Amino acid sequence: MGALLVSIGLPLAITVVIVAGGARSVRVTRVFALAGPLAALAAGASLIASAHGGAAAPSWNGAWLAQGGAAAPVGFAGDALAALMLVIVGAVAACVVAFSWGYMAHEDGQPRYYAVLMLFVSAMSVLVLADNLVTLFIGWELVGACSYLLIGFWYRKPAATRAAIKAFMTTRVGDVAMLVGMAVLWRHAGTLSVREIVAALPRMEPGVITAAALLLFGGAAGKSAQFPLHIWLPDAMEGPTPVSALIHAATMVASGVFLVARTWPVFEASALARTVMLAIGVVTALYAAVVALAQTDIKKMLAYSTISQLGFMFAALGAGAWGAAMFHLTTHAAFKALLFLAAGSVIHGAGTQDMREMGGLAKAMPVTAACWTAGALALSGWWPLSGFFSKDAIVAAVGHVSSVASAALILTSALTALYVWRATALAFLGSRRSDQHAHESGIAMAAPLAVLAVLAVGLGWFGRPFFELLSAEEAHPAAATIALAVVAVAAGTAAAFAWWARGREAPESGVCGSAWDRVRAGFGVDAALQAVTVRPVLALARWLDDVADERIIDRLAEGSGKLAVAAGGALAKLQSGEADVYASFVAVGFVVLAAIVLWAGGR
Amino acid sequence: MTLLALVALPFVGAILVALLGERLAPSRFISLAAALAEAALAGVAIADMSGRIVPSLSWAPGGILGMVPLSLALDGLSAPLVALTALLAVVATLASWGIADRPRAHHALLLALEGAVMCVFLAADLVLFYVAWEAVLIPMYFLIGLWGHENRKHAATKFFLFTFVGSAFMLIGVLAAISGTGATVLSDVPRVLTPSTQRLVFWLMAAGMLVKLPAFPVHTWLPEAHVEAPTAGSIMLAGVLLKMGGYGLMRVAAPLCPAAFAEAAPILFALGAIGTVYGALAALAQTDLKRLVAYSSVAHMGFVLVALATGTAMGFAAAMLVMVSHGLVAGLAFFLVGSLADRTHTRHIAELRGLGGSVPRWSTLFVFTSLASLGLPALSGFPGELMSVLEAFKAFEWWSVAAVAGVLLAATYNLRAVRAVVYGEPVERWASLADVSVREMLAAAPLVLGIVVLGVWPGVVTAMTEPAVATIVQLVQGGVR
Chain A
0 MGALLVSIGL
10 PLAITVVIVA
20 GGARSVRVTR
30 VFALAGPLAA
40 LAAGASLIAS
50 AHGGAAAPSW
60 NGAWLAQGGA
70 AAPVGFAGDA
80 LAALMLVIVG
90 AVAACVVAFS
100 WGYMAHEDGQ
110 PRYYAVLMLF
120 VSAMSVLVLA
130 DNLVTLFIGW
140 ELVGACSYLL
150 IGFWYRKPAA
160 TRAAIKAFMT
170 TRVGDVAMLV
180 GMAVLWRHAG
190 TLSVREIVAA
200 LPRMEPGVIT
210 AAALLLFGGA
220 AGKSAQFPLH
230 IWLPDAMEGP
240 TPVSALIHAA
250 TMVASGVFLV
260 ARTWPVFEAS
270 ALARTVMLAI
280 GVVTALYAAV
290 VALAQTDIKK
300 MLAYSTISQL
310 GFMFAALGAG
320 AWGAAMFHLT
330 THAAFKALLF
340 LAAGSVIHGA
350 GTQDMREMGG
360 LAKAMPVTAA
370 CWTAGALALS
380 GWWPLSGFFS
390 KDAIVAAVGH
400 VSSVASAALI
410 LTSALTALYV
420 WRATALAFLG
430 SRRSDQHAHE
440 SGIAMAAPLA
450 VLAVLAVGLG
460 WFGRPFFELL
470 SAEEAHPAAA
480 TIALAVVAVA
490 AGTAAAFAWW
500 ARGREAPESG
510 VCGSAWDRVR
520 AGFGVDAALQ
530 AVTVRPVLAL
540 ARWLDDVADE
550 RIIDRLAEGS
560 GKLAVAAGGA
570 LAKLQSGEAD
580 VYASFVAVGF
590 VVLAAIVLWA
600 GGR
Chain Y
0 MTLLALVALP
10 FVGAILVALL
20 GERLAPSRFI
30 SLAAALAEAA
40 LAGVAIADMS
50 GRIVPSLSWA
60 PGGILGMVPL
70 SLALDGLSAP
80 LVALTALLAV
90 VATLASWGIA
100 DRPRAHHALL
110 LALEGAVMCV
120 FLAADLVLFY
130 VAWEAVLIPM
140 YFLIGLWGHE
150 NRKHAATKFF
160 LFTFVGSAFM
170 LIGVLAAISG
180 TGATVLSDVP
190 RVLTPSTQRL
200 VFWLMAAGML
210 VKLPAFPVHT
220 WLPEAHVEAP
230 TAGSIMLAGV
240 LLKMGGYGLM
250 RVAAPLCPAA
260 FAEAAPILFA
270 LGAIGTVYGA
280 LAALAQTDLK
290 RLVAYSSVAH
300 MGFVLVALAT
310 GTAMGFAAAM
320 LVMVSHGLVA
330 GLAFFLVGSL
340 ADRTHTRHIA
350 ELRGLGGSVP
360 RWSTLFVFTS
370 LASLGLPALS
380 GFPGELMSVL
390 EAFKAFEWWS
400 VAAVAGVLLA
410 ATYNLRAVRA
420 VVYGEPVERW
430 ASLADVSVRE
440 MLAAAPLVLG
450 IVVLGVWPGV
460 VTAMTEPAVA
470 TIVQLVQGGV
480 R
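These protein sequences, in sequence, are chains A and Y. So the first sequence is numbered by numbering that gives the first Met the number 0: it starts at 0 and just counts up by one. So the second sequence is numbered by numbering that gives the first Met the number 0: it starts at 0 and just counts up by one.
Okay, chain A solo, but in the shape it has when bound:
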């Protein structure tokens, strides 16, 4: 109970204080803001300790709204899954806040930045601690709103505000599917409490369960940027880089995976939903890895990489290995946040996001380079870093279900190594390709990098206690799978350096051309989706406003009114606009009313 209060309440209180102007000095605000994530972290740690000790998960339920026997309560429960998510959110958010001290130091609007960041931590705590789908959805929508506000942090920049709307709308397409899924469960299970839904599953028809599962997955796919709803995430990189690390890499975008894990029995009961999830996950992983290859913007490259890694997690879910998905979620949170913050440090130090203008940064920024390398090793899945363990658990689990899917994931692993090592080489090796002077970032930015680097290196070794904590089944990869994966990663890495060495002075020269541009633009998926959704809706709206509303409906209404007036004859003067006519009109009305009153009263 205390943990629930602290992790949701304290960050929220900080938001309120900042908004109310209680922390006018930026210097105070930003130190103050560290307390929010630390509270979530501490709450998560204490919940893990109590779950480890075998204690029952603390829970709290309260009335939210009820009528006529039906009720939608708010409810929280701090079980192991929630505790794990809280720890991830708290740890990454703490690193991000500290990193922001340096990164955002020269920006206007820092109180707004920290206020929304704290609101995000609070909303994320609501999401992960939720005991029922209504409460979860409240947190779910609120983190989306915070994401919107932070992507559009630089609100004077058209690209940023466009990206903000796109993020909100695309994820809302998923949210709407999720809403319908909730409605299906509300009707057929009669409740939105996760526990009660699970209890009601045996009574429900398989078709209904599949519909509910697919619709919930729709919500997850929107939030977690799965193909084809992934289009918002690369654009979301318009936001400040620490925000990208926290919201668009480690926590919010992973909450789709969390949603499926939280409602796992629903998915367990539907083979079709799992198959769809597996297919979408594999397609997303492979597609995004290919697109990441062609990126020149370091943040966009990482964004596509995130989409691809989330695809791995959904593939694991589709294969029934929700524990493996959560394990990868955890390690990914560490190494992807690390990569984003390192990229932020690079952008801060080198003054560009374009990898073609970087080069040789290892000399100028040794700490950043070392941390980035740790993140790259983990992402590409080199033994003994964290990504190796969690990714192999997924490949193994998927292999039990479909060999084609696991082959595709191994291929994706090779591509992952290829894009991340090529980016590493472009940015940090060789010599400078632009004449800007790069400098290493200060201690406030370096320290969070170091913390995350330690996690990215070491987390993989905690697989056994991790699965025990969640009481999930641990997948044991076969030796052949491990060998294949290692070969794939090694081949990808080698190819990356070979590719880099060929075009050292003028990267991209070998593969320029319209085909490569098309890959960079994600094979035109984004543009095609815009063409079939946004434009028709806008056109329909305009038609409806110009033609339907004014020329058809209004004219019919006004016309019939005029007809009645004309027929009445005596009221024809109404259009003349004379005030005394209106007055007499009203007077007549009152006489009529008085007559009715008397008539009715006399009865």
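Do not rely on the hints blindly, as some may be mistaken.
Said to hold, decoys possible - Selected chain A positions facing chain Y (in silico; Cβ < 7 Å):
no.	residue
1	Ala48
2	Ala144
3	Asp553
Claimed, not checked - To spell it out: a stretch of chain Y is covered by chain A in this simulated footprint if at least three of its residues, at any positions, have a beta carbon under 8 Å from a beta carbon of chain A; those stretches are:
no.	segment
4	75-89
5	240-247
6	374-381
7	421-429
These aren't lab readings, by the way, just hints derived from the structure by calculation. As the structure is a prediction and not an experimental result, all values here were calculated from the model. Just so you know, even glycine gets a beta-carbon here, dropped at the ideal spot from N, CA and C.
Assemble chain Y onto chain A, guided by the hints.
Frame of chain A, contents of chain Y only:
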């Protein structure tokens, strides 16, 4: 007697303003005092009501007055709307603080409007309900016609004609109901109307109420009335007058004709669902900021119909939540747009750019309002719309997806407006624009607070509505008592 005072006080205030305004004190002060006293009185009455075992108050005069159909009642169904009316009247008074043109008449009419609306929500008698319903028209008509913008005459006439024609149908319905039941008291009318009479009475009454709501396709008076109305008029129009339609359906039409209401549910649902999508699409195409907010009202009120059509207790509660929420959100939106237009002298979205840099407080409030309007959780729009959708799926299965599309579209027009007006590079033209003043902050504060409270704790309304809704729903679901 509290109830009688609740109805009479605004009228007394209106007379005082008309007689003494500008002589004793500026009429706005008298007017504000009356509105605040009314709000306090409403608070007392609702607190008194909630404390009772059967949560309702009633006042029915005896003696010679007993001859006249004049009785009032306050219960869980009327209490939220009474509170909303009292609150918005205060905000509207503050919003018309700067009226220089005939301030006495303006403030007196505003108070008279409040009194008439109070009477609608408190009427316990069918005839009184109808008289009050009509009486609301008159002050509103003059507010639009005399203090409106360029096209006010046309808009005011249109507003009058639409609602008057609707009310004419309603009048026939009321008369048919009275002759059918032989009584005019609302609460204890024996439900003895035959099915065919019910059908007739229901649709006659619904005609008036759907115009007021307004439901597609009889909504076209609304955008024009809003665009032309002065700010205070828009606040009252969107905030309270539209609620009369939903309230009438719940309080009068459904209990009088339960079988007909149940039968009409699919049609009501269809109109509501179309309204949510249609209103949102139309809002998306607007170039005038005030018109955009007006069309968003059409969309939101569509949810009221969707929720009512489910015929369940939760559905009725959801309808009430949507109505109260829309009162707060639309009230705030019209207040903000009005106070902005007073300064910029334009409401054209294309001209209003980059306000985030020049008027940050206004912009923050506007972003907040837009997020509330798109149904963000923890703000007031969410609980009602969520329960509307959930209950609609129970009743209408996959058809309810149409209403869900409205949820999606609500985000488009709101975020589009925010981006166009607040975001972007600040422009020279608005560099010296004055930000929201202390008076305006005070007017907005209770609305902001209400939006948050209702979003976080919707139980505050649903606990109130529970017993009253249960009675009505029992009728609707059981057909005839």
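For each hint, the structure was consulted:
1. Ala48: This interface hint is violated because 30 Å lies over the 7 Å limit.
2. Ala144: holds (5 Å)
3. Asp553: With a minimum Cβ separation of about 4 Å from chain Y (threshold 7 Å), the hint on Asp553 of chain A holds.
4. 75-89: Answer violated; 0 residues pass the 8 Å Cβ test.
5. 240-247: As far as the segment 240-247 of chain Y goes, the hint is violated, because 0 residues have Cβ atoms under 8 Å from chain A.
6. 374-381: As far as the segment 374-381 of chain Y goes, the hint holds, because 4 residues have Cβ atoms under 8 Å from chain A.
7. 421-429: holds (count 5)
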